[in-house]
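Enquirer: Fit chain B to the given chain A structure using the hints.
Just so you know, the sequences run in chain order A and B.
First residue of the first sequence: 1, per my numbering; consecutive thereafter.
First residue of the second sequence: 234, per my numbering; consecutive thereafter.
To be clear, the hints were calculated from the coordinates, so they are not data collected in a lab.
Cβ atoms here follow ideal geometry from the backbone N, Cα and C, with glycine treated the same way.
Some hints could be false.
Dumping the calculated SDA-like pairs for lysine to any residue here, alpha-carbon to alpha-carbon at most 25 angstroms [as the list claims (entries may be wrong)]:
#  : chain 1 : residue 1 : chain 2 : residue 2
1  : B       : LYS429    : A       : LYS196
2  : B       : LYS429    : A       : SER214
3  : B       : LYS335    : A       : THR220
4  : A       : LYS172    : B       : VAL451
5  : A       : LYS102    : B       : VAL366
6  : A       : LYS102    : B       : PRO365
7  : A       : LYS102    : B       : ASN364
8  : B       : LYS405    : A       : ASN212
9  : B       : LYS405    : B       : SER280
10 : B       : LYS429    : A       : VAL133
11 : B       : LYS405    : A       : VAL133
12 : A       : LYS171    : B       : THR453
13 : A       : LYS171    : B       : LEU441
14 : B       : LYS335    : A       : VAL206
15 : B       : LYS335    : B       : ASP412
16 : B       : LYS335    : A       : VAL133
17 : B       : LYS429    : A       : LYS102
18 : B       : LYS405    : A       : LYS196
19 : B       : LYS335    : A       : PRO132
20 : B       : LYS429    : A       : LYS172
21 : B       : LYS405    : A       : PRO132
22 : B       : LYS429    : A       : ASN212
23 : B       : LYS335    : A       : LYS196
24 : B       : LYS405    : A       : VAL206
25 : B       : LYS405    : A       : LYS171
26 : B       : LYS405    : B       : THR453
27 : A       : LYS196    : B       : GLN455
28 : B       : LYS429    : A       : ALA227
29 : B       : LYS335    : A       : ALA211
30 : A       : LYS171    : B       : LYS429
31 : A       : LYS196    : B       : ALA460
Here are some chain A residues the structure puts well away from chain B; computed CB gaps all over 12 angstroms [what the hints assert, rightly or not]:
#  : residue
32 : ALA28
33 : ARG32
34 : LEU46
35 : GLN57
36 : PHE62
37 : ALA70
38 : ASN112
39 : ASN138
40 : ASP173
2 protein chains.
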Amino acid sequence: MFPVVILVRPQLGENIGMAARAMLNCGATQLRIVAPRDGWPSETALSASAGAANVVQQATVFDSVHDAVADLNNVMAATARPRQLEIPVIAPEAAPNLATAKTGILFGPENNGLNNDDLAMVNQIITVPLNPVYTSLNLSQSVLLVLYQFWQQQTTALAPKNNATTNLAAKKDITVLADNLGNYLTQANYFHPPEKAASMQRNLSVLLNNANLSTQQVQTLQGVFRALWQTKV
Amino acid sequence: MFPVVILVRPQLGENIGMAARAMLNCGATQLRIVAPRDGWPSETALSASAGAANVVQQATVFDSVHDAVADLNNVMAATARPRQLEIPVIAPEAAPNLATAKTGILFGPENNGLNNDDLAMVNQIITVPLNPVYTSLNLSQSVLLVLYQFWQQQTTALAPKNNATTNLAAKKDITVLADNLGNYLTQANYFHPPEKAASMQRNLSVLLNNANLSTQQVQTLQGVFRALWQTKV
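Only chain A is shown next, with the shape it has when bound in the complex (with noise of 0.2 angstroms):
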């Protein structure tokens, strides 16, 4: 189950259309919104979110934080700066498993963030650990930082490995193509002194073998070689 997002008095419908893409983008659909400065519904707003407008148009609209966590179990603050309060802090990759409660992620307005009284029902501060010396982020952009750690804790099973080495063509057919082009070098003269012509010819299959060469590109090198070898200058 995906977090609530809970935009707490935003400033501009852009923001809040760009926060409902960045919530898409990462599986959440539920908004909730705290008195909006600027009214509820927002036209800016919906034309910001361009292809998630029914997150917009969904959106439901509270008059203060205590009504809009009313329901959750578990309620989160993203902030970039820790306040006075005995709330834990914790990184977005150590948040509470979402299957066992309601979550709700609360984010403050542009200007100033989240006051002491919107912390008041929190049980845990969320924050993202950004350069030091410039932990300045729009709106949208936190929404997006802090909702995709929480995409990738429910699609780690899915996620995809690091598939960089699919399709590598079979040693032997490397062996095949380092063979043949020993073959021609060979009738080049390129191996020499004869004596090296081992640790040459060795060279060239462990550059062949840690190319990264698909069945396909061993074709083509087979075809190069050839085509380079029949030439006649």
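Expert: Quick look at chain B alone, frame taken from chain A:
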């Protein structure tokens, strides 16, 4: 060492400025821009970069991707849509260790992303796994999510994940190698039919760029290609 960010044909100055902010959030400061649509310098970029103005002011501008990556050892392309090229696709957390290679990341233009020519010198395609039904990110959000992965890696002192990039040749040397091979093969009438010549040449460039070649191995291949080419059968 943090990666170089290369914005390819960006359209809006505002996005360049926001990308600079996202970079600095994640500790990256080296920005390169290829053929910005609205020219350079850009007042819009500067004013959108609040707090990250240095990144924008020190950005360097290039006419082509080719020139922008010439001094790099390892080039990644951030794209949601892997193309029909044989380039390994990796998730950001599987990216090569930056300590061993000067790395750049290409980000495409807002409207239609990177094209196949842009990808010709790329070693890995990097994708952020997002909600498959909604992967639309704006440029600065894309920069933020990708760079954040590198930031996490650098700051969590993880063991190197991939040490295959040690001593990688500079891209400009691989370009010379690919060009020489292309010339030899043109004279060998390898490229037929003629209308396929460009894509055949590009496939060879992709192959050479992804072959993990060291500077020494590039020299070796120069000698190999020359020797084959000069052979009288």
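Enquirer: Now look at each hint and say whether the structure bears it out.
Expert: Hint check results:
1. Distance restraint check for B:LYS429 and A:LYS196: the Cα-Cα separation of roughly 39 angstroms exceeds the 25 angstroms cut-off, and the hinted pair is therefore not satisfied.
2. Of the supplied pair hints, the one linking B:LYS429 and A:SER214 holds, its CA atoms being roughly 20 angstroms apart against a limit of 25 angstroms.
3. Note on B:LYS335 and A:THR220: the hinted pairing is violated, with a Cα-Cα distance of about 29 angstroms set against a maximum of 25 angstroms.
4. For the given pair, A:LYS172 sits about 24 angstroms from B:VAL451 by alpha-carbon distance, which is consistent with the 25 angstroms threshold.
5. A C-alpha spacing of about 23 angstroms is found between A:LYS102 and B:VAL366, which places the hinted pair at or below 25 angstroms, so the restraint holds.
6. At roughly 24 angstroms between alpha-carbon atoms, A:LYS102 and B:PRO365 fall within 25 angstroms of each other, so this suggested pair holds.
7. With a C-alpha separation of about 20 angstroms, the suggested pairing of A:LYS102 with B:ASN364 holds against the 25 angstroms cut-off.
8. Between the alpha carbons of B:LYS405 and A:ASN212 the distance comes to roughly 20 angstroms, so the proposed pair stays at or under 25 angstroms and holds.
9. With a C-alpha separation of about 34 angstroms, the suggested pair B:LYS405 and B:SER280 falls outside the 25 angstroms cut-off, and the hint is violated.
10. With a C-alpha separation of about 51 angstroms, the suggested pair B:LYS429 and A:VAL133 falls outside the 25 angstroms cut-off, and the hint is violated.
11. Our distance criterion of 25 angstroms between C-alpha atoms is broken by B:LYS405 and A:VAL133, whose separation comes to about 35 angstroms.
12. Of the supplied pair hints, the one linking A:LYS171 and B:THR453 holds, its CA atoms being roughly 21 angstroms apart against a limit of 25 angstroms.
13. Restraint check: the Cα-Cα separation between A:LYS171 and B:LEU441 comes to about 19 angstroms, which is no more than 25 angstroms; the hinted pair holds.
14. Between B:LYS335 and A:VAL206 the alpha-carbon distance is near 23 angstroms, which keeps this suggested pair within the 25 angstroms criterion.
15. Among the hinted pairs, B:LYS335 with B:ASP412 is consistent with the structure: their alpha-carbon atoms are about 23 angstroms apart, no more than 25 angstroms.
16. At most 25 angstroms may separate the alpha-carbon atoms for a hinted pair to count; B:LYS335 and A:VAL133 meet this at roughly 24 angstroms.
17. A hinted pair counts as satisfied when its Cα atoms are at most 25 angstroms apart, and B:LYS429 with A:LYS102 does not qualify at roughly 57 angstroms.
18. The suggested pairing of B:LYS405 with A:LYS196 is violated, with an alpha-carbon distance near 29 angstroms, which exceeds 25 angstroms.
19. In summary, the hint linking B:LYS335 to A:PRO132 is supported, as the alpha carbons are separated by about 24 angstroms, within the 25 angstroms threshold.
20. At most 25 angstroms may separate the alpha-carbon atoms for a hinted pair to count; B:LYS429 and A:LYS172 exceed this at roughly 29 angstroms.
21. Using a Cα cut-off of 25 angstroms, the hinted pair B:LYS405 and A:PRO132 is violated, with the two alpha carbons roughly 36 angstroms apart.
22. Only pairs whose Cα atoms come within 25 angstroms are accepted, and B:LYS429 paired with A:ASN212 is accepted, the gap being roughly 24 angstroms.
23. Using a Cα cut-off of 25 angstroms, the hinted pair B:LYS335 and A:LYS196 is violated, with the two alpha carbons roughly 33 angstroms apart.
24. Taken as a hint, the B:LYS405 and A:VAL206 pair is honoured in the structure, with Cα atoms around 23 angstroms apart against an allowance of 25 angstroms.
25. Proposed proximity of B:LYS405 and A:LYS171 is contradicted: the alpha carbons are some 30 angstroms apart, above 25 angstroms.
26. As the CA atoms of B:LYS405 and B:THR453 are separated by approximately 16 angstroms, the hinted pair is consistent with the 25 angstroms bound.
27. As the CA atoms of A:LYS196 and B:GLN455 are separated by approximately 18 angstroms, the hinted pair is consistent with the 25 angstroms bound.
28. Of the pairs offered as hints, the one joining B:LYS429 and A:ALA227 holds, with about 16 angstroms between alpha carbons and a cut-off of 25 angstroms not exceeded.
29. Distance check on the hinted pair: B:LYS335 and A:ALA211 sit about 19 angstroms apart at the alpha-carbon level, within 25 angstroms; holds.
30. Only pairs whose Cα atoms come within 25 angstroms are accepted, and A:LYS171 paired with B:LYS429 is rejected, the gap being roughly 29 angstroms.
31. A threshold of 25 angstroms between alpha carbons decides the hint, and for A:LYS196 with B:ALA460 the separation of about 16 angstroms falls inside it, so the pair holds.
32. A cut-off of 12 angstroms between C-beta atoms contradicts the statement that A:ALA28 is not in contact with chain B; the least separation is 9 angstroms.
33. Listed as outside the interface, A:ARG32 is consistent with that label: its C-beta sits roughly 19 angstroms from the nearest C-beta of chain B, beyond the 12 angstroms cut-off.
34. Separation of A:LEU46 from chain B is adequate, the least Cβ-Cβ distance of about 16 angstroms exceeding the 12 angstroms criterion.
35. Separation of A:GLN57 from chain B is adequate, the least Cβ-Cβ distance of about 15 angstroms exceeding the 12 angstroms criterion.
36. Against chain B, the non-interface label of A:PHE62 holds: every CB pair exceeds 12 angstroms, the least being about 25 angstroms.
37. Its beta-carbon lying about 28 angstroms from the closest one in chain B, A:ALA70 satisfies the requirement of being farther than 12 angstroms from that chain.
38. Its beta-carbon lying about 16 angstroms from the closest one in chain B, A:ASN112 satisfies the requirement of being farther than 12 angstroms from that chain.
39. Distance to chain B contradicts A:ASN138 as a non-interface residue, since its nearest Cβ pair spans about 8 angstroms, not more than 12 angstroms.
40. At roughly 15 angstroms, the least C-beta separation between A:ASP173 and chain B is larger than 12 angstroms, which holds for a residue marked as non-interface.
Of the numbered hints listed earlier, those contradicted by the structure are 1, 3, 9, 10, 11, 17, 18, 20, 21, 23, 25, 30, 32, 39.
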